[in-house]
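Produce the complete structure using the sequences and hints provided.
Sequential numbering of the sequence shown, starting at 1, is according to the numbering used here.
In case anyone wonders, no lab produced these hints; they're calculated from the structure.
These figures come from a predicted structure and were not determined experimentally.
Treat each hint with caution, since some may be false.
To be verified - Calculated cross-link-like contacts (lysine-lysine; reagent style DSSO-like; alpha-carbon spacing at most 30 angstroms): (1) K223 with K325; (2) K170 with K160; (3) K61 with K343; (4) K43 with K86; (5) K424 with K86; (6) K223 with K61; (7) K146 with K426; (8) K62 with K216; (9) K426 with K376; (10) K204 with K146; (11) K355 with K34; (12) K62 with K325.
To be verified - Ranges between beta-carbon positions, derived for each pair: (13) L18 with E168: 20 to 30 angstroms; (14) W214 with K74: 19 to 29 angstroms; (15) K223 with N318: 44 to 54 angstroms; (16) P375 with D308: 35 to 45 angstroms; (17) K223 with D244: 16 to 26 angstroms; (18) K424 with W49: 45 to 55 angstroms; (19) V29 with D234: 31 to 41 angstroms; (20) W49 with N233: 40 to 50 angstroms.
Every residue gets a Cβ at the ideal spot worked out from N, C-alpha and C, and that includes glycine.
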Amino acid sequence: MAVGLVLSFLAASIIFPLFTLIFCGFLFVQNLHKRHSRIPGPKRDSFIWGNVKEFQPQHNKKARFLVFEDLVGKHGSVLVTWDMIKPVVTVSDPEVLKSIFKPADFKDVSSRGEFETIFEQRFLGKGGKFDSCSFFDKKFMERQMKNFNHCCGAFLEELKKRANGGDEVKMADMFSKLTSDLIAKIAFGFDLNCIADSDVPFYKALRACQEASWWKLCNPFHKWDIGSYDYQNDVIEAVKYLRDFGKKVIDSRRSAMEEGEAILEDYLTGQDQLTSLLSNFLLVLFQHPLIEEKLYEEAINVVQGSRDVAIEDLDKLNYMYCVTKETLRLNPPIPAVSMETTKEEKLGGYLIPEKTTVQIIPYIMQTDPIAWSNPKEFNPERFMESKELSIAAQLPYCLRKHCYINDNFAECLVKALFPCLLQKFKFVLVPGQDVRPQEELTILPKDGVLCTMTLI
Numbered sequence: 001m002a003v004g005l006v007l008s009f010l011a012a013s014i015i016f017p018l019f020t021l022i023f024c025g026f027l028f029v030q031n032l033h034k035r036h037s038r039i040p041g042p043k044r045d046s047f048i049w050g051n052v053k054e055f056q057p058q059h060n061k062k063a064r065f066l067v068f069e070d071l072v073g074k075h076g077s078v079l080v081t082w083d084m085i086k087p088v089v090t091v092s093d094p095e096v097l098k099s100i101f102k103p104a105d106f107k108d109v110s111s112r113g114e115f116e117t118i119f120e121q122r123f124l125g126k127g128g129k130f131d132s133c134s135f136f137d138k139k140f141m142e143r144q145m146k147n148f149n150h151c152c153g154a155f156l157e158e159l160k161k162r163a164n165g166g167d168e169v170k171m172a173d174m175f176s177k178l179t180s181d182l183i184a185k186i187a188f189g190f191d192l193n194c195i196a197d198s199d200v201p202f203y204k205a206l207r208a209c210q211e212a213s214w215w216k217l218c219n220p221f222h223k224w225d226i227g228s229y230d231y232q233n234d235v236i237e238a239v240k241y242l243r244d245f246g247k248k249v250i251d252s253r254r255s256a257m258e259e260g261e262a263i264l265e266d267y268l269t270g271q272d273q274l275t276s277l278l279s280n281f282l283l284v285l286f287q288h289p290l291i292e293e294k295l296y297e298e299a300i301n302v303v304q305g306s307r308d309v310a311i312e313d314l315d316k317l318n319y320m321y322c323v324t325k326e327t328l329r330l331n332p333p334i335p336a337v338s339m340e341t342t343k344e345e346k347l348g349g350y351l352i353p354e355k356t357t358v359q360i361i362p363y364i365m366q367t368d369p370i371a372w373s374n375p376k377e378f379n380p381e382r383f384m385e386s387k388e389l390s391i392a393a394q395l396p397y398c399l400r401k402h403c404y405i406n407d408n409f410a411e412c413l414v415k416a417l418f419p420c421l422l423q424k425f426k427f428v429l430v431p432g433q434d435v436r437p438q439e440e441l442t443i444l445p446k447d448g449v450l451c452t453m454t455l456i
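Next comes the structure, spelled out in structure tokens:
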């Protein structure tokens, strides 16, 4: 009997606190739902899971940013969705958007938080950001044209080895190697040589961390996934390698940059965004033959023959500039920009509680029919007009701190690469592949733009 009493007491001492904890959790979630109940949005699929099902690939074949586009059409320009028990407010009204640029009222959470650690290993941390937007000004970029041409030349030589008309080449992977070499050389002063050798330790570690960052987001219960522990340990070693590498670069270039996290964050995000731009730029040429023809004519008129692109050529490649801007408008590299309210805010007539995540979807803003005429039409000529576009219509260009490798860098890369690429190679898109956008850390064509090529 005494043993039974002891067991009953132990059971009660465990069950009662557990029940209390569950009940308090229920009240907390219920209160969250109540505080956001006046904001329109899709109905939650469940009390705990929120709208997670709405965005699962097996339920909805679209990329997340396209799902949000549909939701904005149904529920309006300010809406709330639930990532399990976390409310996320999406804003797409240009007028409402202006208030979000007040730094005192909103805290930037786009680039940190999720990437401070990978599998409990410190990754980007909480250090200050390297101001790439002021560092990569136009004059600096012009001084770096020799390095741009050198990296692009090595890239073209590697493509020549595969230009037999039969080998399928995933151009997104090739562009990834090019951008890795280029950022390393121009921004941080070291040579990687990823173009010729994809087994470079830095590049392999970088790709592992990029893939793991997205895998971690898609698998929120990875801490308890015993079957993936070997994979997680491999990624942890890659993170340690990158941080050690970054520290060595900092020690040699301390006058230019002070935080190890700055190098890793700018490299991680900038390399991915440039890869997205180049991949989508090439895809545009396949989808719009007349635009390719105009670019080719401009290239042979400005950059004749096989010579490198000179500094004075940059301002003459006007149509290429417009195609770059239009590519970024319809194919923004960044799926979303997130902030957090620092106090209770009113957005679009709705009261948004403190510490609520507020996100902007660049694609939705950049295809807003109020800001753009024929918004879904690919029309580079719109950037030749002298009319000033509103700040909201300039996304993501106005969000300079989110353009890790800024407009000047992207523009110089496109202008250094594509005039020579168009004059030396004939590309054929492999039929049957999926070129729909796939959203991970950045947005890329799903199958990576598979091509065959021949020399002209």
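Taking the hints in turn, this is what the structure says about them:
1. K223 with K325: violated (41 angstroms)
2. K170 with K160: holds (14 angstroms)
3. K61 with K343: Given pair K61, K343 is violated - Cα atoms ~36 angstroms apart, limit 30 angstroms.
4. K43 with K86: holds (14 angstroms)
5. K424 with K86: Measuring from Cα to Cα gives roughly 51 angstroms; hence the hint is violated.
6. K223 with K61: holds (27 angstroms)
7. K146 with K426: Given that 30 angstroms is the threshold and the Cα spacing comes to 25 angstroms, the pair holds.
8. K62 with K216: holds (20 angstroms)
9. K426 with K376: holds (28 angstroms)
10. K204 with K146: Cα-Cα ~26 angstroms, so holds.
11. K355 with K34: Cα-Cα ~15 angstroms, so holds.
12. K62 with K325: Since the Cα atoms of K62 and K325 sit roughly 24 angstroms apart, the hinted pair holds (cutoff 30 angstroms).
13. L18 with E168: 20 to 30 angstroms: For E168 against L18, whose Cβ atoms are near 56 angstroms apart, the range 20 to 30 angstroms is violated.
14. W214 with K74: 19 to 29 angstroms: holds (27 angstroms)
15. K223 with N318: 44 to 54 angstroms: At roughly 52 angstroms between Cβ atoms, N318 and K223 fall inside 44 to 54 angstroms, so the hint holds.
16. P375 with D308: 35 to 45 angstroms: At roughly 37 angstroms between Cβ atoms, D308 and P375 fall inside 35 to 45 angstroms, so the hint holds.
17. K223 with D244: 16 to 26 angstroms: holds (25 angstroms)
18. K424 with W49: 45 to 55 angstroms: holds (52 angstroms)
19. V29 with D234: 31 to 41 angstroms: holds (36 angstroms)
20. W49 with N233: 40 to 50 angstroms: violated (29 angstroms)
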